[in-house]
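Student: This is what each chain is made of:
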Amino acid sequence: MNPLALIGRAFLEFLATVGSLARFAMRAVKHSFTPPVYIRQVAKQFVDIGYYSLPVVGLTAFFTGMVLALQSHTGFSRFDAESAIPTVVVLSMTRELGPVMAGLMVAGRIGAAIAAELGTMRVTEQIDALTTLSTNPYKYLIAPRVLAGTLVLPLLVLVADIAGVFGGFLVCVYDLRFNAANYISQSWEYLETRDVTSGLWKAAVFGFIVTLMGCYQGFNSKGGAQGVGKATTNAVVAASILILITDYLMTGLFFSGK
Amino acid sequence: MSAVPKIELSGVTKSFGNKHVLCGVDLNVGVRESVVIIGGSGTGKSVMLKCILGLLKPDAGSVKIDGQETVGLKGQALDEHQAKFGMLFQGSALFDSLPVWQNVAFKLLQAHGMPRKEAKERAVATLASVGLGPEVGELYPSELSGGMQKRVALARAIASKPEIIFFDEPTTGLDPIMADVINELIVKSVREVGATAVSITHDMASARKIADRIAMIHEGRIIWQGSVKDIDHSGNPYVDQFIHGRAEGPIKMQIRKL
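Protein chains in written order, with my numbering: chain C, 1 to 258; chain P, 1001 to 1258.
If we strip away everything but chain C, and leave its shape as in the complex, we get (with noise of 0.2 Å):
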């Protein structure tokens, strides 16, 4: 075939599939905030998303600040400077890995679940009966999902900003002989607000990523066991590229001023 019909063909699709995507954003959004609003099913969702997902956030964030601890003693020892270590664990942790972290875990944990679940759903007829039980699957299966992605997500976050800070802490302290009371007050020191709300705001965006791409392809999966599995793949790859994508351009928009 024509290699420019091939990339024309390509370029398309790419369109198409840009464009379904933000229509299904734009509908999930708005049934977000239209009643009826299933508290139940949100609620579920918190549950699921939130708290079942603390021991894989906390666990990997705590070994991520420990790892930074000590790799920055490996650079800065060399020139003097591990006095500058707390600064640089709290801060990576707040500004980008704690957001970056938690999303790409929960984008694996909870992007996954919910295309698989979705997807099965679809396959099965579930959604259509739901419409035929005049429920729309908007509400009830999309909204809550996003709404709970979206919001708790930062709470997530949080707790993996406090757990990072915390692993570097003990590496800085107990292995490499640090004074404590010190350690703390430099983490302070040169911590503002924002490197933790832009923190907050990129999780918030995370969240909404993570939940809309396992939505999206779960929703739109067709063929069976097979594509039931391709969405499962696709919902955990959009969403963890999105959010390394998202991420740089958040990062422009908040700090591009300093």
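Please note that a few of the clues may not be correct.
[To be verified] Heads up, incomplete: computed chain C residues facing chain P, CB under 10 Å, no partners named:
(1) Pro36
(2) Tyr38
(3) Met121
(4) Asn136
Think of the hints as simulated: they come from the structure by calculation, not from any bench. Owing to the predicted nature of the structure, the values given are computational and were not obtained by experimental measurement. Note that beta-carbon positions come from the ideal geometry of N, C-alpha and C, so glycine has one too.
For this one, chain C is given, so just place chain P on it according to the hints.
Tutor: Here is chain P on its own, set in the frame of chain C:
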């Protein structure tokens, strides 16, 4: 039959890409009539039901319910249109995350906002009418046999007393005895609820039992319709081949895919 048919299809066409599934379907269903659509696999039976329900939008033609055009309805009007229907899906399509009684009472709970206690009483009563005890209500769909799942799905379809009920291959995958039980339940419950029924099936025993009138669909068109007693001397070679299940005849099975 009363003057205005309950369901009136004229010239309904629907294609997916190059595949023409419906090529101008004309069909009238009277109030409280039970019409069975027969036809081979892939002749557009399910697509036709989805077009009437508004789950799919026909490319052309009109679908009237009580004389009102329903193609192109949106928002509130579409919700009201879909609220008239109950549907028994081929694979039952029960919500596996909910216990049986919540499945049966789903529309009452979610769409009508009925208190849980009252809804549960209604669910138990409806389960009893399909021959299931109240203890079944506490089980989850995955704990039930295929025949019991079908009964629960039937209970769910009739619980809200819809005006029109669709049965999508209600006896597929059941043993002949259970199939007959389901057929009798369908006849009985449709009569009790006073609903108009449209069923699609390729099980002739089932069709003879539940139909007032039978219509045969072939290559996207209704090629024959008439009362049950006329089906054995329809004089239509397509119908004859189908009801006797002969491999030889005017209907050519496509063994090999293109």
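Student: Can you list which hints this structure breaks, lowest number first?
Tutor: none
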